[in-house]
Every structure is written in C-alpha cells, then in structure tokens.
Amino acid sequence: MRARVLVRPKEGILDPQGQTVERALPALGFTGVSGVHIGRLIELDVEDASQLPEMCERLLANPLIEDYEIIEDVAAGAPR
Amino acid sequence: MKFGVVRFPGSCDEVDALGAAQRVGDAVLLWHADRDLQGVDAVIVPGGFSYGDYLRAGAIARFAPVMEEVAEFAREGGLVLGICNGFQVLCEAGLLPGALLPNPSLKFVFRQVGLEVVDSDTAFTRAAQPGQRLSIPVKHTTGRYFTPGPVHVVLRYAPGENPNGSQDDIAGVCNEAGNVFGLMPHPEHAVDALTGSTDGLRIFESMRASVDDRVAV
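One line per chain: the protein sequences are A and B, in this order. Under the numbering used here, the residue at position 72 of the first sequence is numbered 72, and the numbers go up by one with no gaps. Under the numbering used here, the residue at position 64 of the second sequence is numbered 64, and the numbers go up by one with no gaps.
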C-alpha cells in the first residue's frame with residue numbers, strides 16, 4: 001500500500017521557513033496570505049500499514065517538536 | 001582515565017575531541033558499528049553531520065550499534081558528553097530532554113560566544129567557578145534548543161550572545177541523574193591559547209576529576 005505521511009512543526013514552535021515564505025509572497029504582489037508553515041512529505045510503500053504510527057513516533061517525526069498525519073491508500077499515480 | 005570518542009560516518013570533530021581529551025587523560029576512537037566501548041570511563045559524542053543528518057539532525061545516528069552501548073553505559077551512570085551534533089544525537093535518543101531546531105536565521109552561525117556557568121556543581125563543570133564566563137566557539141545551523149518541560153540548565157549564552165534563538169538562552173543541559181551532558185558550543189575547539197581560548201578545557205578537566213573521584217571511592 002502506498003501511504004503518505006505529513007510532518008509539520010508543532011503549533012507554537014517558531015517556523016522560520018514558513019515565516020520567510022510568508023514575507024516573500026507580498027513582494028510578488030500576493031496579498032492576504034498568513035499562517036504559512038513548512039513541513040515534510042514522506043511517501044512510502046508499506047505491507048503493514050498498522051506499523052505507520054510507530055514509524056512516525058520513533059523515526060519519521062520527532063513528536064516533541066512535530067505533529068504528523070498519516071494518509072493511507074494514496075491514489076495511484078503518486079510518484080515512486 | 002580513558003575517554004572514548006564516537007566516530008560516525010559524517011562526524012568531523014572527533015579528532016579535535018580526541019586531542020582535547022588527551023590533554024587530560026587517555027582517549028580512543030569508538031567506531032559507530034562496534035558494540036565494544038573498550039572499557040572507557042567516559043564517552044564523548046562529537047560534532048559533525050552523522051549519517052548526513054538526513055531526516056533530522058541526529059535522528060539516524062541514535063540507532064547506530066555503538067549508541068545502544070552508549071545508552072546502556074549512561075543508564076549505568078557513566079559520563080556521556082554530547083557536543084553539537086552529539087547533543088542532537090543524545091536528544092533524539094532520549095538521553096537528554098528537549099530537541100534542537102533550525103536557527104531562526106536559517107543560516108550557519110560560526111563565532112566565538114560568551115557562556116555563563118549556571119551550575120558549577122556538575123560532573124562536567126566542577127573545574128569552573130559559579131557564574132564564570134567562558135569563551136567557546138559555536139558552529140551550527142540547527143542549534144535552537146527547545147524543551148516543553150523543566151530542564152537542568154548547566155550553561156547559558158551570556159546576555160546578548162545567544163546565536164540561535166535557544167529558549168531562555170540555554171547552551172547546555174544535563175539529565176536528571178547528572179551523568180549525561182549536551183551543549184551546542186564546542187569546548188574541544190577551545191583548548192589551546194593559539195586559537196584564542198582555553199576555556200573549553202574546564203569541561204574535560206571536570207570529567208577527569210569526576211572519574212578520578214569515582215575510582216578513589
């Protein structure tokens with residue numbers, strides 16, 4: 001099964017990447033943009049999707065500073 | 001007294017750490033894939049970019065075979081010092097509280113900083129005076145210390161010297177038991193007057209004195 005894991009900086013943790021992009025958008029004329037956060041996208045094939053939460057807790061994310069979201073059964077066509 | 005300095009693929013400060021340790025005792029390199037700590041009295045996890053720092057700084061190195069032994073050594077009360085990437089590895093391994101995040105500038109910072117000894121009553125700072133100011137270099141991109149809970153602070157950046165946005169100017173912390181210590185500055189690069197400061201020696205001298213005391217008991 002193809003799965004997707006989204007990893008984001010936890011709320012309240014300074015996200016300088018997101019801030020930098022948020023500041024850059026108005027320079028290009030895009031207004032009204034706020035709350036920009038930048039995280040990490042991990043896609044993987046797994047035989048046993050029940051292992052995904054533990055993979056996230058132990059390696060894919062650092063739960064102290066990051067939240068993660070698991071999306072199972074990603075539609076065909078996701079890059080391999 | 002014998003120090004062991006861990007060498008991961010991607011370590012780059014292990015030779016300086018070895019040299020600094022050899023100013024106060026014997027020291028050997030410990031290869032990341034070996035489970036043998038060679039009977040050392042203290043372990044140093046040095047700076048660098050272990051396993052390329054892929055995913056997150058220190059995230060992969062914590063699973064190295066040698067780190068299982070280092071964790072066991074720490075659980076038994078052995079002294080473990082983590083410098084820069086070594087600090088990141090010890091946090092990822094859960095041997096120290098907290099985590100290191102990218103600098104707010106997103107830039108590599110490389111400069112001499114002033115530090116204040118917050119607690120001189122630890123196995124790693126006993127050769128320093130309370131409140132003593134130390135001059136030691138930093139060089140990192142991921143040095144912003146964060147912890148959601150209370151922590152035993154050993155070193156702080158002096159007022160106005162915080163190079164990385166660390167919470168409460170924290171530069172170095174130890175675990176509850178007091179036998180594991182991590183810091184972002186590089187004491188191993190401040191051991192010779194030729195390069196501007198010998199203040200880093202206080203850390204290695206402290207470890208030496210702590211081990212000598214244990215042996216004497």
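One thing to keep in mind: the hints can contain errors.
[Claimed, not checked] For each label pair, taking beta carbons as the anchor points, the in silico distance ranges come out as:
| no. | chain 1 | residue 1 | chain 2 | residue 2 | range |
| --- | --- | --- | --- | --- | --- |
| 1 | B | Y54 | A | D45 | 15 to 21 Å |
| 2 | B | P9 | A | D73 | 31 to 37 Å |
| 3 | A | Q19 | B | Q132 | 35 to 41 Å |
| 4 | A | E69 | B | F108 | 36 to 42 Å |
[To be verified] Away from chain B, derived, C-beta distances all over 12 Å, residues of chain A:
| no. | residue |
| --- | --- |
| 5 | V7 |
| 6 | P9 |
| 7 | P16 |
| 8 | P26 |
| 9 | S34 |
| 10 | D48 |
| 11 | I71 |
It should be emphasised that the hints constitute simulated quantities derived from the structure, not laboratory data. From a predicted model like this one, the values you see are computed outputs, not experimental measurements. Each residue gets a CB set at the ideal place from its N, CA and C atoms; glycine is no exception.
These are the hints, each one checked on the structure:
no.	hint	in the structure
1	B:Y54 x A:D45: 15 to 21 Å	19 Å, holds
2	B:P9 x A:D73: 31 to 37 Å	36 Å, holds
3	A:Q19 x B:Q132: 35 to 41 Å	36 Å, holds
4	A:E69 x B:F108: 36 to 42 Å	31 Å, violated
5	V7	9 Å, violated
6	P9	8 Å, violated
7	P16	5 Å, violated
8	P26	19 Å, holds
9	S34	19 Å, holds
10	D48	20 Å, holds
11	I71	19 Å, holds
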